[in-house]
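> These are the residues of each chain, in order.
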Amino acid sequence: MLISKPVADTEKKKIYTPILPGPENWPVVQLSKNRKKFLEEVIAESIGRIKKANASRPALIEELETTLYREKLRITQNPWKVDPDDEMLFWDDIKSKLVNLSNETAVGSKGSEEEILREIVTRYAEEIAGSFKPNSYRMARTLVTYGFSRLLNTSRVKGVRSLWSNQLSLKDKIHITGETEHVRKLAKIGTVIIVPTHFSNLDSILIGYVIHALGLPPFIYGAGLNLFNIGIIAYFMNSLGAYKVDRRKKNTLYLETLKSYSSLAIQKGCHSLFFPGGTRSRSGKIEDRLKLGLLGTAMEAQRVNFEKFPAGMAKKIFIVPVSLNYHFVLEAPVLINEYLKQKGQERYYVETDEFSTSYKITTFLLKFFTKGSDISVSIGRGMDLLGNIVDEHGNSLDKEGRIINTRDYFTSNGTITVDKQREAEYTRMLSEAVVDEYHRINRVFSSHLVAFTAFEMLKQQSPKLDLYNLLRLPEDEQVIPIANFRTTFERVRNEVLALHSKGKVGIAEHLKNDIDTLIRHGLENVGMYHSRRPLIWNKEGNITTQDLTTLYYYRNRMNGYGLEKFI
Amino acid sequence: MGMGWKNLSNKPIGVIGSGSFGSAVANILAQNRDVVLYARKPEVVQEMLLTRTSSDIPLNDRVTPTNDLELVASNCDIIFPIVPSSNFRDLMRQLSPFLHPYHILIHGTKGLDISLPKGMTLQDETLLTRENVKTMSEVIREESVVVRVGCMAGPNLARELGAGQPAATVIASQFNEVVHEGQRLLRNDLFQVYGSSDLIGVELCGVLKNIIAIASGALSGLGLGENARALLISRGMVETIYLGKALGGNTQAFLGLAGVGDMVATCSSTLSRNYTVGYRLAKGENIDQILETMEEVAEGVNTIKIAKRLADYYKVRAPITETLYKVLHQKLTVEEALTYLMRYPFNVDIDFL
Chain G
1 MLISKPVADT
11 EKKKIYTPIL
21 PGPENWPVVQ
31 LSKNRKKFLE
41 EVIAESIGRI
51 KKANASRPAL
61 IEELETTLYR
71 EKLRITQNPW
81 KVDPDDEMLF
91 WDDIKSKLVN
101 LSNETAVGSK
111 GSEEEILREI
121 VTRYAEEIAG
131 SFKPNSYRMA
141 RTLVTYGFSR
151 LLNTSRVKGV
161 RSLWSNQLSL
171 KDKIHITGET
181 EHVRKLAKIG
191 TVIIVPTHFS
201 NLDSILIGYV
211 IHALGLPPFI
221 YGAGLNLFNI
231 GIIAYFMNSL
241 GAYKVDRRKK
251 NTLYLETLKS
261 YSSLAIQKGC
271 HSLFFPGGTR
281 SRSGKIEDRL
291 KLGLLGTAME
301 AQRVNFEKFP
311 AGMAKKIFIV
321 PVSLNYHFVL
331 EAPVLINEYL
341 KQKGQERYYV
351 ETDEFSTSYK
361 ITTFLLKFFT
371 KGSDISVSIG
381 RGMDLLGNIV
391 DEHGNSLDKE
401 GRIINTRDYF
411 TSNGTITVDK
421 QREAEYTRML
431 SEAVVDEYHR
441 INRVFSSHLV
451 AFTAFEMLKQ
461 QSPKLDLYNL
471 LRLPEDEQVI
481 PIANFRTTFE
491 RVRNEVLALH
501 SKGKVGIAEH
511 LKNDIDTLIR
521 HGLENVGMYH
531 SRRPLIWNKE
541 GNITTQDLTT
551 LYYYRNRMNG
561 YGLEKFI
Chain P
1 MGMGWKNLSN
11 KPIGVIGSGS
21 FGSAVANILA
31 QNRDVVLYAR
41 KPEVVQEMLL
51 TRTSSDIPLN
61 DRVTPTNDLE
71 LVASNCDIIF
81 PIVPSSNFRD
91 LMRQLSPFLH
101 PYHILIHGTK
111 GLDISLPKGM
121 TLQDETLLTR
131 ENVKTMSEVI
141 REESVVVRVG
151 CMAGPNLARE
161 LGAGQPAATV
171 IASQFNEVVH
181 EGQRLLRNDL
191 FQVYGSSDLI
201 GVELCGVLKN
211 IIAIASGALS
221 GLGLGENARA
231 LLISRGMVET
241 IYLGKALGGN
251 TQAFLGLAGV
261 GDMVATCSST
271 LSRNYTVGYR
281 LAKGENIDQI
291 LETMEEVAEG
301 VNTIKIAKRL
311 ADYYKVRAPI
321 TETLYKVLHQ
331 KLTVEEALTY
341 LMRYPFNVDI
351 DFL
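Line order of the protein sequences matches chains G and P. Counting from 1, one number per residue, gives the positions in the first sequence under the numbering used here. Counting from 1, one number per residue, gives the positions in the second sequence under the numbering used here.
A portion of the hints provided could be inaccurate.
[As the list claims (entries may be wrong)] Quick list of the computed label-pair ranges, beta carbon to beta carbon:
no., chain 1, residue 1, chain 2, residue 2, range
1, G, L20, P, R130, 44 to 50 angstroms
2, G, D476, P, E131, 39 to 45 angstroms
3, P, E131, G, I15, 43 to 49 angstroms
By construction, these hints were calculated from the structure, which means they are not laboratory data. Since the model is a prediction, treat every value here as computed from it, not as a measurement. Glycine included, C-beta positions come from ideal geometry on N, C-alpha and C.
Sequences are here, hints too, so could you generate the full structure?
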């Protein structure tokens, strides 16, 4: 059998050496070495915040009662495999303590509500905290890299010996582009916070790999608790430095503990990673609105750094937006249906866990590695907490290239001041800068563009239908003649190239191919492993869909560039 | 300038622009703090030093005139830029190298900035979008590193303020800090200061009411009375709210002191520059003759030019603006304009609440 050599990518693959030599220098190792002490800090900080927000005794007790109520509701209505067995016991105990509290007279019982608060916050902090172990990290990382490339070679480099072939590595599958050297430099001089777009549960694993591939020390990151439902992934997550974020818990006590954890870790110089969209993009659109909670902890950490250290000595924090680009998102059909339900004013909505079985994720990984679906990761420009771009020395620059002293943003009358409202406003401004950068570094794939063009053409064919009716379009009206499609697609593609040359969006190399090749490439790749394909050729060679809703999902990736005008 | 400004909380406050409103604001600030008042022309500064008056207003002793922008930025953490909108961007470009993110800027300019793509000129049929038209706070953000930005707007006829009559104003900013500083600095027994977080809305109130003020002057010029003015003001409110919402403001701002308050003051006062423009138009002068003989800028003239094109783009019903545009630029007479407006098919009184 001939060994078919895969088509090599023209770009030269780069190997990045680690920027810090050994684990003993990694901030995250320092953190886990002093885990106990660190958690005590987190607990103290959280209690301080919660008490500040609930200054009077009745207010604090009410906060505790609300938490208890919500937690009991969660346990009965939305239990997960990963939940500890003693949960009900714990909250029953809290309940009886709270009851005792209200039975006692106000005199003499002072302080015990604070004990209850401490008990709950301690439990939350323990639950959130990751337990990073350098050895497991190294092993997990080796396993991921090794395992991935074995799979890859088995499938792409055919033949018996291929299992041991090293022709292909993850680098052929996952393209890392953009400001890679820049982020490495920033990680040496300051604390880096990577903020990726979020489309798939695969993102967490993918970004972990990318951080390693760039030679960066491990980042701590908040991973959805649902990922810890699956034993093997939980193992990787734990060892890769993840801390747990439970999106079902929306009570103040939990959120404040989470924020304290994040803020203190950043203050200690731990590079961190947030998915600032909060959850995966339901619609398939690039995030246009970010959750400000975790981003706000970075803002706060920066101010604390400036407060603690004199000018020039304070560690700077850098925000690095990253865009993850896929032809195929495993969860797309589920996500888009949730989105449509939410948009259709469905009254409530439960945080689901459709990625739950190991079977599903294994099938996905197998498919991913055995078929030619590439992934690209674009690293954006580093920015300071106000969204100003930073140079390679970490200096913030204004539009004219003049250096800005970031400390000045937190200064009033010559001193650093604490002003929550100001910081909330800054965080909003930062989130706008991050969203702009997402759109700029987003890499357009053939699949995104065929999906966009096809969906918009169908919409134009039935101009009177609203979205929901359009998605129920009868089958015989779902066909687009290939000749029309080709003309329109070319127009849209050329506009994307024009946007690209203005620096407003990134493109995959293949986007420069001739139109027919590109259309074929797009159709073959868009949502390629869904049982019902978003786009296919029909018998007459025209273009049609097996699933309009999923097509809409992939179409949304190109939202926000004003391309509708070119349909 | 050895005036004991070493102590940070006693730093002087900067005012940029020594027109009648800038000078009046400098005097109000001087009741609480030392003030540095910037004028672009050295001879104007000389005049101020010599006569201790500015735009016919006697200057408070605590006001120090200067024409050194760098000195203003390095001595003052809080600066009030109050220059005509047509000079505002240029001013910001000159000031920007001396500004830092700790500065607070609260402007008092009631006009819009317009920047056209290269090669484009303003024709009758040109449409404008929010891409091309900016409020002054947006210009500050675009041209400098300053983020803590606010504006000052309200019924503040410069001559009445100059005469020390009681009045009030609104300080608007997304930052509570800016609102509080503004209130602390401006407030005195004769001057009330309200706060708002709708910066764009409050800016637009001040900008758009000038259109209606021109129309109000025109009514007086025609010899009409208060029924007509009340009609104009209430329909003018509706029109500015429509325009304001399309441009990013909230309705609430327009119902407050900076909205209805400023509108009533400017439409009723024969002291107002915009009112004067309208009055003289009705008396038969054309706009070029009027502008030639005016000492200070009437922002409304420029605002009509811009607002008409924005209304066209955003498909906002703005009959008063459009009719005034025709009077200014297409030789419609004020009488014809009035006839046209009286026949305009309005039927619902209020439909924005």
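> All the hints need checking, so say for each whether the structure fits it.
Cross-check of the supplied hints:
1. L20/G x R130/P: 44 to 50 angstroms: holds (47 angstroms)
2. D476/G x E131/P: 39 to 45 angstroms: holds (42 angstroms)
3. E131/P x I15/G: 43 to 49 angstroms: Hint holds: Cβ distance 44 angstroms, inside 43 to 49 angstroms.
Of the hints listed earlier, there is not a single one the structure fails to meet.
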